[in-house]
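Visitor: Protein chains in written order, with this note's numbering: chain A, 11 to 491; chain B, 830 to 1131.
Accuracy of the hints is not assured; some may be wrong.
Examples of chain B residues toward chain A, derived with CB under 10 Å [to be verified]:
| # | residue |
| --- | --- |
| 1 | 833 |
| 2 | 847 |
| 3 | 947 |
| 4 | 951 |
| 5 | 1085 |
| 6 | 1086 |
| 7 | 1088 |
| 8 | 1122 |
In short, the hints are calculated from the structure, not lab data. We put the CB at the ideal spot given by N, CA and C, even for glycine.
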Amino acid sequence: MLFNSFNFFVIFPLIFAVYWVVPSKYQIVKKWVLIAVSYLLYLNWKPIYALILLFITGVTFAGGKILQDEVDGEKKKRKLICIIGAVLTLLPLVVFKYYNFVNESCIRLLEACGIHFMLPGLNWAVPIGISFYTFQALGYMWDVYYGKIKAENCFTDYVLFCSFFPQTASGPISRYSELMPQIKTPHPFNYKQGVDGLKILLWGVFLKVVIADRLGIYVGNVYSNYIYYSGLNCLVASIFYTIQIYCDFAGYSLMAVGIGKCLGFDLVNNFRRPYLATSITDFWRRWHISLTRWLTAYVYIPLGGNRCSKFRQYCNIMLTFLVSGIWHGANWTFVLWGIVHGLLQCVEKILGIAPKGKYYELVESKIWLKPIRIVVTFFLIAFAWIFFRVPSISDAFGMIVKIMTNQGGMFQFIDNTIPVFLSLALLVGSELTEEYLYKDNRHGLLDNKYTIVRWALYVSLLTFILMYGVLDSTQFIYVSF
Amino acid sequence: MKKYIAKIFIFFVIMVSLDVVVGVLSDYLVRNAKSGATQKSEYICEKTKEDILIFGSSRAVHHYNPLIIQDSLNMTCYNCGYDACGIITAYGLLRTLYKRYTPKVILYEVTPKFDCLEGDNFSFLGPLKLIYSKSDIEDVFENVSYNEKFKMKSGMYRVNSKFIQLITENVMNRNQTIQGFLPEDRQMNFEPENVAPEINENYDNLKVSYLNKFVELCKNKGISLVFMVSPSYKATNDAYFEYMMKFAEKNNIPFINYYCYKPITENKEFFYDVVHLNKTGADEYTKVFVSENKDFLMSLNK
Chain A
11 MLFNSFNFFV IFPLIFAVYW VVPSKYQIVK KWVLIAVSYL LYLNWKPIYA
61 LILLFITGVT FAGGKILQDE VDGEKKKRKL ICIIGAVLTL LPLVVFKYYN
111 FVNESCIRLL EACGIHFMLP GLNWAVPIGI SFYTFQALGY MWDVYYGKIK
161 AENCFTDYVL FCSFFPQTAS GPISRYSELM PQIKTPHPFN YKQGVDGLKI
211 LLWGVFLKVV IADRLGIYVG NVYSNYIYYS GLNCLVASIF YTIQIYCDFA
261 GYSLMAVGIG KCLGFDLVNN FRRPYLATSI TDFWRRWHIS LTRWLTAYVY
311 IPLGGNRCSK FRQYCNIMLT FLVSGIWHGA NWTFVLWGIV HGLLQCVEKI
361 LGIAPKGKYY ELVESKIWLK PIRIVVTFFL IAFAWIFFRV PSISDAFGMI
411 VKIMTNQGGM FQFIDNTIPV FLSLALLVGS ELTEEYLYKD NRHGLLDNKY
461 TIVRWALYVS LLTFILMYGV LDSTQFIYVS F
Chain B
830 MKKYIAKIFI FFVIMVSLDV VVGVLSDYLV RNAKSGATQK SEYICEKTKE
880 DILIFGSSRA VHHYNPLIIQ DSLNMTCYNC GYDACGIITA YGLLRTLYKR
930 YTPKVILYEV TPKFDCLEGD NFSFLGPLKL IYSKSDIEDV FENVSYNEKF
980 KMKSGMYRVN SKFIQLITEN VMNRNQTIQG FLPEDRQMNF EPENVAPEIN
1030 ENYDNLKVSY LNKFVELCKN KGISLVFMVS PSYKATNDAY FEYMMKFAEK
1080 NNIPFINYYC YKPITENKEF FYDVVHLNKT GADEYTKVFV SENKDFLMSL
1130 NK
């Protein structure tokens, strides 16, 4: 069940009430309430796919236990156990998400060689959030393998760790060391945490339904018929998509964080004002933080990270972004998107303008250069998002050619211009105040010291949501990943 | 926890009060709209008395000039088409007026994307939301989504994405229509690469059920229903409409097809984009449509 659906907003107060009505001393009951809710919400989508979630939970739990038991055993044996565990964990993801892609790619490759060979395609939907909970569970097992943590003994706690409903569908990908202590420790209701949760939830819904979905209507129209639209239209749609995907995913993440807080859990925030990044490297420290740190910990560093030759480091970056691209979707467009980001990071490193680079301090010291760097980074990211949005590489190049040559066609502007730009102004204001005024993770607008201002904002935001939100439970972009 | 619940309750009370105020204000604005889609919805619901009503999508609202039709046929005519709307909207609109009066003829511009093919059905409720409180169409909303009837209790939700439009349509003449017809002055300034609509056979059960309901309602009320298709730029093949043609045949509905009518489809000056005629094109097409079908359409005036 999606957080922006009407049903969820009817059910959530019930979940909240049932969860908090159980006294803290009956921690096990509270946990089972959360497990039951998490699985029921997952079952609500496609019941059979809950078995996959359970399978991944079981495999990684058992894997962790076996690895822990073999902690003093042979290295080779532990490695083999870890590989078997990883293969089993990744199996559903590979089958559901990548089978058709690999199959079609192989068929095309063989056809190019003059060989006609066909395997049947699978007409199955990809289980919601499979990439997220697979990576979270895999991260746990690898942490046990690397000896960073000890294996979990309580299966109930581990089931909740893997299925905790605020983060199952679209992350954030929590670390065991962050979430498990919160699952294990009884926590009575905390007023401040509860208020923060509702504020964050409100802001998340606003980002999703008012900004992302409103822009999404326009973006969808232009992208699906770009051949009919002018180059300027395509450029505007690309910029709007850049904003849409941020508000969509950050909106979801904030809703997850907000719901988590209302239930007494602090989940990692996935975003830190990514479009105020001054470089691509900086962008990846602010965008989808939980995935970036997962890829850094389990792909980039095991490959050698930056403790190797420059050439090897560039290869490591490219490989990591290749994995990131493939993680996002089974299509060559995502692969290309990952390559573009990898290449841009390598270029920054070669030019010495990335952190720890030769000219980094020099560039950083020039304040006047900062806005230019932010704008350039924004447009580079917007360019890369084109590959992310289109269904095929030829469409991506078609769109880019349209933008570059500004070929004719009809020009259409977005509906509800005033509310859209008003909400965008609110977003920009919030991002700027958080980045440059508040340094303590407070929300730029909703944490104002005056009660009247805060309440006026709460009322305005909900009014905006009801009057200008797209309230038809539109799918989140990242849920399909 | 008590403080927390109390504050949520206060917030809820403020929001409900504000919602009621917005609801009352919106109803007033709908009633007094001077122009645009709001005034059109209000007119269709409360004041239509024409012999001929035209229903359909943007290809209806921008392609059929009621003045030409009524001058030629000597029957009054009103264009009830809406941009990006299909059979669900048409059925809802017909339900808002049929208890008050019965039109003699309904001309329905067919658009498979909006009438029978799979796709989002929420947007079709747009024009109906503004007249929801004064008409008995709850079931239409419920069929599209079970939750809609609950959401429609909110005054703010009823004017979702339309509040500024409502205000402007009250204070100025915006998108003034000619008896529902909205002519477009633009002209197509580019040569499209691909003009053929994508043919797919994924039919939408809800849309098809509303097609049947619409036909049934017309039959029960003795309304003569005619399906029609207007020209599209450089169209040479009407296979896209095959399902609708078969549907018309099965239900004995006349199907007037100008989709590939060369004197118009080959003339770029008549279009403002691939599927939409501009004012010149609309006038030209309406003239052709009524003159070639005059006897038949007159025969429906019983």
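Visitor: All hints, please: hold or fail.
Guide: Right, here's what the structure says about each hint:
1. Against a cut-off of 10 Å between C-beta atoms, the interface hint on residue 833/B holds, since the closest Cβ of chain A lies about 5 Å away.
2. At about 6 Å, the closest approach between the beta carbon of residue 847/B and any beta carbon in chain A falls short of 10 Å, and the interface hint on this residue holds.
3. At about 15 Å, the closest approach between the beta carbon of residue 947/B and any beta carbon in chain A exceeds 10 Å, and the interface hint on this residue is violated.
4. Hint status for residue 951/B: holds, given a least beta-carbon distance of 4 Å to chain A, under 10 Å.
5. Interface restraint check for residue 1085/B: the shortest CB-CB distance to chain A comes to about 27 Å, outside 10 Å, so the restraint is violated.
6. The interface hint given for residue 1086/B is violated, since its Cβ lies 24 Å from the closest Cβ of chain A, which is over the 10 Å cut-off.
7. Among the interface hints, the one on residue 1088/B is violated; its C-beta lies about 19 Å from the nearest C-beta in chain A, farther than the 10 Å criterion.
8. For residue 1122/B, the shortest C-beta to C-beta distance to chain A is roughly 31 Å, which exceeds 10 Å, and the interface hint is violated.
Going through the hint list in order, the structure does not satisfy hints 3, 5, 6, 7, 8.
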